[in-house]
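Q: Construct all of the structure, not just a fragment, from the sequences and the given hints.
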Amino acid sequence: MNTDTWLVVPLYNEGAVVGDVIRHARETFCKIVCVDDGSSDNSADVAREAGAVVVTHPVNLGQGAALQTGITYALGDPQAQYFVTFDSDGQHRTEDAARMVQRLRTEDLDVVLGSRFLDAKVEAGAMKRLVLKTAVMFERITTRLKVTDTHNGLRAFSRFGVEKIHIRQNRMAHGSEILQEIARNNLRYAEEPVHIIYTDYSRAKGQSLWNSVNILNELFLDR
Amino acid sequence: MGDQIVIKVVLVIALIVLMGILLVPRKGARPLAIRRLTYLLLLIAAIAAVVFPGWLTWLASLVGVGRGTDLLLYGLVVVFISHSMASKSENAASDQRFTALARRIAIDDAESAAEAGQRLASGR
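So the sequence lines, in the order shown, correspond to chains A and B.
Mind the numbering: the first sequence is residues 1394 to 1616 in our numbering, read in order.
Mind the numbering: the second sequence is residues 9 to 132 in our numbering, read in order.
Since the hints were derived computationally from the structure, they do not count as laboratory data.
In this text the structure is predicted, and so the values were computed from the model without any measurement.
Among the clues, some could well be false.
Said to hold, decoys possible - Short, incomplete list of chain B residues facing chain A, as computed with Cβ under 8 Å:
1. Gly74
2. Asp78
3. Arg111
4. Glu119
5. Ser120
6. Gly125
To be verified - Stretches of chain A that chain B covers, calculated by requiring three or more beta carbons in the stretch to come under 8 Å of a beta carbon on chain B:
7. 1416 to 1430
8. 1434 to 1448
9. 1455 to 1465
10. 1553 to 1561
We treat Cβ as the ideally placed atom computed from N, Cα and C, and that holds for glycine.
A: Here is the structure:
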């Protein structure tokens, strides 16, 4: 059951859904690490009960920091060859993740990025789509990577690829930063069409137009 | 508008330089030394402005600003912005150190990854 793969799941106040997400993911990936980013609810206990290893930030640091902590942790397992970043709110599908890891195994790639725009089934609203498309244009210009979806949390890395990437953007700008790191290190990357499940739950938590302003601010001012 | 062109050019250039400093990463001894010299010059200018108030007005009329107090205000704005930028970037650096420390604590407190990996791979 993919014993060479770790699923890295940042966790922040998702107690209501994370149990089901982990139990379902464990059917495909036996090794899952949840990084509890200072949740104030019972997320960590729920995740542990569902069978994940839980690493707990002593204070809230942000999603980017949680991803890097999970990756650093999983690198400590000498058997780990592949690393998948996966959201805790149930918007990613494990079959997509499994397909991405399979591509790393069979093709000469360091990174496989999930893209919802390569797939016909995009459920995002018009405004959200406009924001995402603008972000893609911005990333294409600044990193010169030919990507179609820049803010998709579903990514798979080989050990070689993930060791090259250092996430310093603690909060939300890590999506852009990972792309910059891929470009800077000349990693071999590909995109894989994935389907994002927009539930009412994830929609209520989703990124807004205002958030893109915050992300730009973090990218350029907070360094 | 026409007679204030000098101060406009000076202020716009100063702000553009600040933007440049903001967008280009900087490290090493020289930028630090430049920053300290700038603060020194500012202090000397401040003392001069206190002892000889007329001097500020003379400089103001030279660059096309009506009064010395206006020039002082403009200078204050530029210094304030550059100071907030500098402290912002120092903040970011100390955030990085704090994050590294918290990450180390989090990983050290958790079950070792090698053991957890073996346990999970063997199905509990």
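Q: Against the structure shown, which of the earlier numbered hints fail to hold, in ascending order?
A: The structure breaks hints 1, 2 and 10; every other hint is satisfied.
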